[in-house]
Amino acid sequence: FLNEEGDTLEIEEIPVHVPAIFMPSYESELKLLLPQLRFYKINTTLLGSDSYGQSEIVEMKESQDNPVLFVSKTLTLPEDTLWLKFNYLYQT
Numbered sequence: 019f020l021n022e023e024g025d026t027l028e029i030e031e032i033p034v035h036v037p038a039i040f041m042p043s044y045e046s047e048l049k050l051l052l053p054q055l056r057f058y059k060i061n062t063t064l065l066g067s068d069s070y071g072q073s074e075i076v077e078m079k080e081s082q083d084n085p086v087l088f089v090s091k092t093l094t095l096p097e098d099t100l101w102l103k104f105n106y107l108y109q110t
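Start counting the sequence shown at 19; every next residue gets the next number (our numbering).
Please keep in mind that the hints were generated in silico from the structure rather than gathered at the bench.
Note that beta-carbon positions come from the ideal geometry of N, C-alpha and C, so glycine has one too.
This list has only true hints and no planted wrong ones.
Distance condition first, Cα-Cα at most 25 Å in a straight line; then the derived DMTMM-like pairs of lysine to aspartate or glutamate:
1) LYS91 to GLU45
2) LYS79 to GLU97
3) LYS59 to GLU23
Restraint ranges, calculated between C-beta atoms of paired labels, are given here:
4) ASP25 to GLN82: 25 to 33 Å
5) GLU74 to GLY24: 34 to 42 Å
6) VAL36 to GLU97: 29 to 37 Å
7) LEU27 to GLU47: 28 to 36 Å
8) GLU31 to ASN105: 48 to 56 Å
9) SER90 to ILE29: 33 to 41 Å
10) ASP83 to GLU45: 15 to 23 Å
11) GLU77 to ASP25: 30 to 38 Å
12) GLU30 to PRO85: 23 to 31 Å
Kindly produce the complete structure, drawing on both the sequences and the hints.
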């Protein structure tokens, strides 16, 4: 395998593409698992639970490098006023 400059890559340097990885883990576990994707040069779509919606996980570089799909009861962003309006109308 060759890199963009035409140099031969060592086996440890070859990136791997996996269509998707299902990791339904808690936030504390994801903080340890996600950096391993970068270390092992794994490119993939991450599938998981609502722990991926935690702000610390969303802000991690590894979450931003790989597409993330997760199930959640709700996910609200600080700038999302639509949820606030809905919640207010629902409660009144």
